[in-house]
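S.K.: Heads up: the sequence shown at position 102 corresponds to 102 in UniProt numbering, and the numbers run straight through without jumps.
Derived from the structure by calculation, the hints contain no laboratory data.
Treat each hint with caution, since some may be false.
What the hints assert, rightly or not - Computed beta-carbon distance windows for the label pairs:
(1) R34 / A116: 17 to 27 angstroms
(2) N69 / R113: 20 to 30 angstroms
(3) P91 / H64: 45 to 55 angstroms
(4) D74 / V41: 42 to 52 angstroms
(5) G73 / Y33: 17 to 27 angstroms
(6) R34 / L87: 35 to 45 angstroms
(7) T110 / C57: 21 to 31 angstroms
(8) R34 / N69: 52 to 62 angstroms
(9) S75 / R34: 34 to 44 angstroms
Yeah, the Cβ is synthetic: ideal placement off N, Cα and C, and Gly gets one too.
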Amino acid sequence: MEDRPRVRYSALSNQDEIWPEPGRGAYTEDLRYRYEPVEKVPWKSILLALFLLLFGCLFLVISHLMFINHMSGDSSQAFGFLVLGILLFLPGFYETRIAYYSWRGFKGYTYSRIPAY
1 MEDRPRVRYS ALSNQDEIWP EPGRGAYTED LRYRYEPVEK VPWKSILLAL
51 FLLLFGCLFL VISHLMFINH MSGDSSQAFG FLVLGILLFL PGFYETRIAY
101 YSWRGFKGYT YSRIPAY
């Protein structure tokens, strides 16, 4: 048998020592994962989102008017306006909604969720 030095190992900590229950330990949340972004309002991004939202709505209305023959135009033009309206409306609505909820102070919504340009 080989002669090995004897090494003493410390006892393993149990789960309560690593993650104490809220209210029992020294802290209630793990501060390593705490993130507080700087609340800087991205005005350019919000204006771009409003621009996309308004023009998306305008193109959707134009395509609707072309489909019901209230405006003159071919059906291929109406489909073009419909596709452009959808492509403009969706990101505009999404970012405008985030900006509105951030402005109103809803939990989970911050201006940091809007990309800044």
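S.K.: Each hint: holds or not?
M.R.: Taking the hints in turn, this is what the structure says about them:
| no. | hint | verdict |
| --- | --- | --- |
| 1 | R34 / A116: 17 to 27 angstroms | holds (22 angstroms) |
| 2 | N69 / R113: 20 to 30 angstroms | violated (42 angstroms) |
| 3 | P91 / H64: 45 to 55 angstroms | violated (20 angstroms) |
| 4 | D74 / V41: 42 to 52 angstroms | holds (43 angstroms) |
| 5 | G73 / Y33: 17 to 27 angstroms | violated (55 angstroms) |
| 6 | R34 / L87: 35 to 45 angstroms | holds (38 angstroms) |
| 7 | T110 / C57: 21 to 31 angstroms | holds (26 angstroms) |
| 8 | R34 / N69: 52 to 62 angstroms | holds (59 angstroms) |
| 9 | S75 / R34: 34 to 44 angstroms | violated (55 angstroms) |
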